[in-house]
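Engineer: These are the residues of each chain, in order.
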Amino acid sequence: MTSQFFLKNRIILFIFLYGIFIPINAFNSTDEISDYIYDHAEILTNADKNILNNKLRFLKTEKDIIFKLVIFDKIPDDYKNMDFEELSLKYFEELGLNKKDNNLMLIMSIKDRKIRVKLGSYYNIYYQMAVDRILKNKVIPDFRKNNFSKGIYIAINDIIKIIKEDMNFFKYYRIYIMGSILIIFFILFIIIFIFLKKSNKIKNIDNFGDGDIGSWK
Amino acid sequence: MDIINNTNEILNPNELKLIIETIKNIEIKTTGKIRVYVGKKIRGEPMSFARNIFKQFGLNRLVDKNGVLFIITVKDKKLIVFGDDGINSKVDKTFWINVKNALITKFKNGQFFTGLMGGINLVGEKLMEFFMRDFEDLSGVNNDDKSIFFEE
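Heads up: the protein sequence lines correspond to chains X and A, in order. Our numbering applies: residue 1 is where the first sequence begins, and numbers increase by one. Our numbering applies: residue 1001 is where the second sequence begins, and numbers increase by one.
Isolated chain A (complex conformation):
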């Protein structure tokens, strides 16, 4: 696989648009939020790094504690899937392992879009299972395209 130097090289504009649309669709149906952070390297202890990014996105402020964060770091080729306490109380550890494995299998072949879409859909299914939004309640749904962030 080619070496990726820039974070925005893993997705083309069409793929990016589709991922944003998918996340938005999940967020309209559920109270959960999904964010993707594409960086260069994980700095420090991975879970602490994930928690910091999680807080920077404001995912820790969700009422149901059901935010989910994907961290992809292109230089050290690492991936973190991280969920808040609310969703963790509904799923067990194997769920995150399955999501991670689903992504890694595709990432190894350079299929970032497919891998990421698969992971987002797996998380989306769980959010829809446990955190469905009340009918006509769209509070907290973002209309911006900030569900995915590329470190420069």
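The following block holds chain X by itself, in its conformation from the complex:
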């Protein structure tokens, strides 16, 4: 009876400790991080890497898209003679990302102040423009302030959102298109208003009545 009681308690204790330690271990696990993140500059903490890795792994599972992140402190000597565009293409191939047309890679070199997103051939020009817009407007401002992990996090997050969309001319330019439509409507409204006002179809509330004025000087 007593041994049964201790056995039960041991099982409960085991389950309890397993419940606590397994998630912590999972959080600290780095065994799969190297699949997606190549942080040669060591600017990301383990926690950052875990969060980003989970996102990239989920993208692979959900959409079968491989998105890799490569961070250099400075461009390696072997690649010094290449421009960054060539380097990113070479790395893209070296990492085997060219095997499928919907893969992509974010590559950056901290000290060289270079960053690129290399997209597979599946993605049209509007994806590239949208991604470049994110880098320019959202990521680079953080990098300028040396907030690298924040900038990288934003980049990964927003780029994933974009590649999940069906990007085309109208989607890329939707803000401009909507803005233009609004401006056109506004101008049309003004023109119609002026036209109606001139043709007296709209009467000012304070423009009622009529009469005549004279003087007996």
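It is worth saying that the hints were derived from the structure and are not from the lab. Please read all numbers here as calculations on a predicted model, not as lab measurements. Using N, Cα and C, we set each Cβ at its ideal position, and we do this for glycine too. Incorrect hints may have been included.
Here are the simulated lysine-lysine pairs, BS3-like style, with alpha carbons at most 25 angstroms apart [as the list claims (entries may be wrong)]: (1) A:Lys1093 with X:Lys197; (2) A:Lys1106 with X:Lys197; (3) X:Lys217 with A:Lys1040; (4) A:Lys1024 with A:Lys1126; (5) X:Lys164 with X:Lys138; (6) X:Lys60 with X:Lys161; (7) X:Lys198 with A:Lys1090; (8) X:Lys197 with A:Lys1065; (9) A:Lys1024 with A:Lys1055; (10) A:Lys1093 with A:Lys1106; (11) A:Lys1075 with A:Lys1108; (12) X:Lys198 with A:Lys1108; (13) A:Lys1075 with X:Lys217; (14) X:Lys164 with X:Lys49; (15) X:Lys198 with A:Lys1065; (16) X:Lys49 with X:Lys138; (17) X:Lys197 with A:Lys1090; (18) A:Lys1100 with X:Lys217; (19) A:Lys1093 with X:Lys217; (20) A:Lys1065 with A:Lys1146; (21) X:Lys217 with A:Lys1077; (22) A:Lys1126 with A:Lys1106; (23) A:Lys1075 with A:Lys1040; (24) X:Lys171 with X:Lys161; (25) A:Lys1106 with X:Lys217; (26) A:Lys1077 with A:Lys1041; (27) X:Lys217 with A:Lys1041; (28) X:Lys217 with A:Lys1108.
Computed far set for chain X versus chain A, every beta-carbon distance over 10 angstroms [said to hold, decoys possible]: (29) Pro76; (30) Asn137; (31) Ile154.
Add chain A to chain X, keeping to what the hints say.
Structural biologist: Using the frame of chain X, we list chain A on its own:
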């Protein structure tokens, strides 16, 4: 003609009483309203000035939009005859010119009472032509003597 400094100098009490009675008689028979404003000077653009006074009298709130306002300003010797959209849809511009001329002809000779009575009667005729009140309907008829206002 003598210079008039005070607005209440243009009419004596008997004349004033007769004008008020005349306006009241018109208002009993018609849905229109007539108001007379005697001031010192027209301030700003004349028609805007007239519209402001018109609104102060509440003439713009009439259902048939048939209020009529006479503005007489004694220092700059000016006169405005102003009617709302309702009466304007029934008369043309020449009507107001005729009313104004009828008043000015008399005012030049200092005959304010005669001129004003003539103008009020001309307007009254038009109101009776187009805006006769229904039998036994006396709604909106004022019993006060505020149909004429003197600026102090």
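Engineer: Looking at the structure, which of the earlier hints fail to hold?
Structural biologist: 2, 12
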